[in-house]
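Chain B: place on chain A using the hints.
2 protein chains.
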Amino acid sequence: MKKIIGGITAPKGFYANGKHIGIKRKRKDLAVVYSDSPCHCAGTYTKNIVKAAPVLWNKAITDEQQQVQAIVINSGIANAYTGKAGVLHNEAMAEATADQLSIDKKSVLVASTGVIGKMLPIECVCEGIKVVSQSLEPSNEAGNQAAKAIMTTDTYVKEIAVTFEIEGQTVTLGGMAKGSGMIHPNMATMLSFLTTDIHISKELLQKALSESVENTYNMISVDGDTSTNDMVLVIANGKSNHSIIETENEDYAKFKEAIDYVNTYLSKQIVKDGEGVTKFIEVQVMQAQTEQDAKAIAKSVINSNLVKTAFFGEDANWGRIICAMGYSGGVFEPSKVTLDYKSEGGSIRLIDSGEPIPFDEEKALHILKEKNLLVIIDLHDGDKQAVAWGCDLSYDYVKINGEYRT
Amino acid sequence: MKKIIGGITAPKGFYANGKHIGIKRKRKDLAVVYSDSPCHCAGTYTKNIVKAAPVLWNKAITDEQQQVQAIVINSGIANAYTGKAGVLHNEAMAEATADQLSIDKKSVLVASTGVIGKMLPIECVCEGIKVVSQSLEPSNEAGNQAAKAIMTTDTYVKEIAVTFEIEGQTVTLGGMAKGSGMIHPNMATMLSFLTTDIHISKELLQKALSESVENTYNMISVDGDTSTNDMVLVIANGKSNHSIIETENEDYAKFKEAIDYVNTYLSKQIVKDGEGVTKFIEVQVMQAQTEQDAKAIAKSVINSNLVKTAFFGEDANWGRIICAMGYSGGVFEPSKVTLDYKSEGGSIRLIDSGEPIPFDEEKALHILKEKNLLVIIDLHDGDKQAVAWGCDLSYDYVKINGEYRT
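Protein sequences appear in the order of chains A and B.
Using my numbering, you'd call the opening residue of the first sequence number 1 and step up by one each time.
Using my numbering, you'd call the opening residue of the second sequence number 1 and step up by one each time.
Next comes chain A alone, as it looks inside the complex (with noise of 0.2 Å):
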């Protein structure tokens, strides 16, 4: 596997843009994303309750149908808990798209990021959607102006793209997400859209995404809150000439690593450029005696705003890191837990089988400066592990957070 410069375009077939249509003040606020023939798509999406009209379009497509043509995404307005005119526009953003396109519009996926509650512009949004529908391009400053378009505060664009080979045919998996920033500081939404050339059945193209998922954006978190318009989405157009993947082989495996490999990176980028963040954390949870055990505490760890702020202070506050394991819902034996902090700066054993450590202030201070920081527990109690990412909670959360609406 091999990391190329590109994101969304760099498969075969893809092509996309993104302008500003107006929507919001001035950034552009619409990307569109095609392939030049039908996919295969597979999606995961929030657990909130109150599910914005896009997921549940998505939901109901990448559930019970084949094939799909085309995303769209608009980062103005969640178009969440906006009732049955929501579910309008989500339907006429869909049909905009299709028609531009001359595909059915059950074949466009949506997405929103934006205020909750807010109704959309739909004629601007309309109008929006046919200029960058004529605008398509397969190049990667298109793919890259479409990752600039779904940011809403983010402070960076977010695309990757590798890849890797099946049969000696070269195969491409490209990315783009955007994490917790936010126009208005209403949500923190996780989007997140791949596109490959791969030739796979809808069934392992699920599969691969949801258990990959499960160990890459499902281990972040920024402030803890579930949104309501998170997804991730690929659509896969087989057009890398391979035959197709049914079973679970090794060329499977190798879409695996790639997807996996993708989606960490973008994970890791959602945390660090999360609002207000100094410090980017991993916390890797060793030797539980579950993958669950060790993913609740890895997770428990890394939401607790106790942690949180003593990161920022840099201070090496280890026992807060116990009671964020103590009340994580993950079993451990406490007296057989090993911490340990590192980072560039050098590394420092807090607790050695249950017993703490005495240690170097100097020293600790020395580690928790720098920017990445590595917080290892190991439970010596099994076999299983996890890594979960996060991020300190500084004055700058509260106050990009707590700035009213204006």
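Any given hint could be a false lead.
For chains that are exact copies, the list does not tell them apart, and a pair is met inside one copy or across any two.
20 Å max Cα-Cα, derived EDC-like pairs, lysine to aspartate or glutamate [said to hold, decoys possible]:
1. K105 x D63
2. K342 x E355
3. K118 x E355
4. K268 x E257
5. K118 x E361
6. K3 x E257
7. K118 x D360
8. K118 x D340
9. K118 x E362
10. K384 x E211
11. K384 x E214
12. K371 x E282
13. K272 x D260
14. K254 x E211
15. K84 x E333
16. K268 x E370
17. K47 x E333
18. K268 x E282
19. K2 x D260
20. K207 x E246
21. K202 x E214
Keep in mind that the hints were calculated from the coordinates and are not lab data.
Below, chain B alone, put in the same frame as chain A:
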């Protein structure tokens, strides 16, 4: 029922005091509470897997034993994650208290709060227990000193006493609590101690406490972390001279009303004195299908960092409330929800039957500028309800919890 001046020494037969004995640098750090006759006892404890030594000690006593006669509390060091030495230190605290009061060590309940993983200076502590035990008094002033001595970075004393009548006799219930402050920014430990001269069976004492805690301390949230040391204890010496309460009769109901009142008062005081709190927020969830749904929704809303920062910013950002309801795990029908904000500045409806209502931002700001806010969520879906209490998330929360331990 009548609120009176005083705290834990208000009921007949109770003595207390609190002093600085040298665990902390300057502030009071040790309290002793004593009853001149044996008490029935009951307790509820943290569900954190990592339980501090005093939690394990008390749980064994309140689970298995009929009677106790004293409580000793240090507010300097949590004695949590301190292994076998911590267990011995805890026992030494009980023993030192018992020696002074000429009672059995198993008649002494113990509580600690402060830094995790640090060892108690046990000789200093035992010496201090001697001094405090020799200065016990039944006065309100002595009770107030004890309430002061259990504080960490709490900014004010939290105590209360109420009286009610059973069989023409005056029954008194007193209480003191400490909240989310901390000397070293290590842990948001919640401790609460109730004393009463009611004559009641151990079983009903435990039942009243357990049920009351579910709707009071368990419905507050400052930062969502559950400490290794949280506990609520009640001891009842039966001195009020009425016949013993052994069934859930109307006398039991009077006691239940009193304990609910006391616990609600102390719970709210704990939230109001939370770190960096600028707003006190009450979330009422009405007409839910089950009490469990109502509680899950109320707690999810009050725990959301996005909701908390919005209140800090005085922003009528109701989308975040809907979102937090949606991922709460509680069941509700989005299209039936009504949402109101209320304060001394007025009240405003933001959602009616699932439909966002256009509102006057000026009026909303006028309401949100107040220090005490009420969020009323009506699910129109059943007849159960719940109330949760919490606070905003401010710069000062980050500051207090992010500062380096010195």
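Structure-based check of each hint:
Taking identical chains as interchangeable, the C-alpha atoms of K105 and D63 lie at most 20 Å apart only when both belong to the same chain, with a minimum of 16 Å there against 65 Å between chains. Only within a single protomer do K342 and E355 lie at most 20 Å apart by alpha-carbon distance; the minimum there is 19 Å, versus 50 Å between protomers. Taking identical chains as interchangeable, the C-alpha atoms of K118 and E355 lie at most 20 Å apart only when they sit on different chains, with a minimum of 11 Å there against 54 Å within one chain. For a Cα distance limit of 20 Å, the shortest separation of K268 from E257 inside one copy, 16 Å, qualifies, whereas the shortest one across copies, 51 Å, does not.
For the identical chains of this complex, K118 and E361 are inter-copy neighbours only, at 15 Å across copies versus 50 Å inside a copy, given an alpha-carbon limit of 20 Å. For the homomeric pair K3 and E257, the shortest alpha-carbon distance inside one copy (12 Å) is at most 20 Å, but the shortest distance between copies (67 Å) is not. In this homomeric assembly, K118 and D360 come within 20 Å of each other (Cα to Cα) only across copies, at 15 Å, whereas the closest approach inside a single copy is 53 Å. For a Cα distance limit of 20 Å, the shortest separation of K118 from D340 across copies, 18 Å, qualifies, whereas the shortest one inside one copy, 46 Å, does not.
Taking the closest pair of Cα atoms, K118 and E362 come within 20 Å of each other only across two copies (18 Å); inside a single copy the shortest separation is 51 Å, beyond that limit. For the homomeric pair K384 and E211, the shortest alpha-carbon distance inside one copy (16 Å) is at most 20 Å, but the shortest distance between copies (38 Å) is not. In this assembly of identical chains, K384 and E214 lie within 20 Å of each other by CA distance solely inside one copy; the values are 15 Å within and 35 Å between copies. For a Cα distance limit of 20 Å, the shortest separation of K371 from E282 inside one copy, 11 Å, qualifies, whereas the shortest one across copies, 37 Å, does not.
For the homomeric pair K272 and D260, the shortest alpha-carbon distance inside one copy (18 Å) is at most 20 Å, but the shortest distance between copies (45 Å) is not. For a Cα distance limit of 20 Å, the shortest separation of K254 from E211 inside one copy, 14 Å, qualifies, whereas the shortest one across copies, 55 Å, does not. In the homo-oligomer, the alpha carbons of K84 and E333 lie at most 20 Å apart only across protomers (15 Å), although the nearest pairing inside one protomer, at 51 Å, exceeds that limit. Only within a single protomer do K268 and E370 lie at most 20 Å apart by alpha-carbon distance; the minimum there is 17 Å, versus 39 Å between protomers.
For a Cα distance limit of 20 Å, the shortest separation of K47 from E333 across copies, 15 Å, qualifies, whereas the shortest one inside one copy, 31 Å, does not. For the homomeric pair K268 and E282, the shortest alpha-carbon distance inside one copy (9 Å) is at most 20 Å, but the shortest distance between copies (36 Å) is not. When the C-alpha separation of K2 and D260 is checked against a cutoff of 20 Å, the pair qualifies only within one copy, where the shortest distance is 13 Å, while the shortest distance between copies is 64 Å. Taking the shortest alpha-carbon separations for K207 and E246, only the intra-copy value of 11 Å comes in at or below 20 Å, while the best inter-copy value is 59 Å.
Proximity of K202 to E214 under the C-alpha cut-off of 20 Å is restricted to the intra-copy arrangement: shortest distance 19 Å within a copy versus 48 Å between copies.
Violation of the numbered hints given earlier is absent; every hint is satisfied by the structure.
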